[in-house]
Amino acid sequence: MHPITTAHYLGLSAALLLIGTVGVLTRRNIVIILMSIELILNAVNLNLIAFSKALQSVNGQIFAIFVITDAVAEAAVGLGILIALFRNKETVLADEIDLLKW
Amino acid sequence: MDVILFLVFAIIAVLCAINVVVQTHPIASALSLIGVMGSLAVLYLLLGAEFIAAAQVIVYAGAVMVLFVFVIMLLNAGEEVHRGRSFVVQVLGAPLLIALLGLLVYFAQRLFPGAPMVRFGAFRGGTAVAVGRALFTQYLLPFEVTSVLILIAILGAIVLARKELD
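Those sequence lines, one after another, are chains A and B. Residue numbering for the first sequence follows the numbering used here, beginning at 1 and increasing consecutively. Residue numbering for the second sequence follows the numbering used here, beginning at 1 and increasing consecutively.
A hint or two may mislead.
Claimed, not checked - Chain A regions said to be covered by chain B (calculated; three or more residues, Cβ under 8 Å):
| no. | region |
| --- | --- |
| 1 | 9-15 |
| 2 | 26-36 |
| 3 | 49-58 |
What the hints assert, rightly or not - From chain A, some residues computed to sit far from chain B (all C-beta separations above 10 Å):
| no. | residue |
| --- | --- |
| 4 | Asp70 |
| 5 | Leu99 |
| 6 | Lys101 |
Quick caveat, the hints were computed from the structure, so don't treat them as lab data. This structure is a prediction, so every number in the text was calculated from the model and none was measured. Using N, Cα and C, we set each Cβ at its ideal position, and we do this for glycine too.
This is chain A alone, in the form it adopts within the complex (with noise of 0.2 Å):
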């Protein structure tokens, strides 16, 4: 069979980066949309890992570790003002939230 290389990983992360951009652009519950920017940022973990293993080297996984404590970080505080926005606004809905349209 033909054997896994770094390139097979990268295409995967390309396929997991592109699939969540669409769900960014696409969907209208804010919900979904930090969903898809986890999953975009699970795309750069795997790339950074897979680059760890090509370059043999530790350096990497720390980026990752970096990167999956912003994801947390981004989720915790994204997730504060979708509660603040629901209050005020009542819906979860990204296109009928336009207090800066005029």
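Based on these hints, arrange chain B on the given structure of chain A.
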């Protein structure tokens, strides 16, 4: 064995990721996202990153998804009604996306033609010992800055989500 494991879990990850985007109910999306996280953890193990795989399961599939499910429960988010999309998007969207993905994969293979074969057990640098040593010597300052970031995030989440007391 490596090839089979990679293919199985890569396909599970991609299918679950598509399901995250396609499902109309947020809870179904959240469950699919747990599938993505789990299969990515297996792929991290295949790449020799044991510590990251454990962190992925505990932090992502555990903590973050519980947070998401809590918020879905609090907001009582129901099914999302799709609005009509334009004809061009419906016809051209998926083919263009697949073309872009093919282009990305092509360039990845062009850039790394002689990339080393990924075999399980060939790289032992991802143990908790190696990660911890690098984290607490070479990357000590970024690590401490990260703790400040988490503190700010906690304070921000509390301030944003609290009730006004007046």
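**Asked** Does the structure break any of the earlier hints, and which numbers would those be?
**Response** 4
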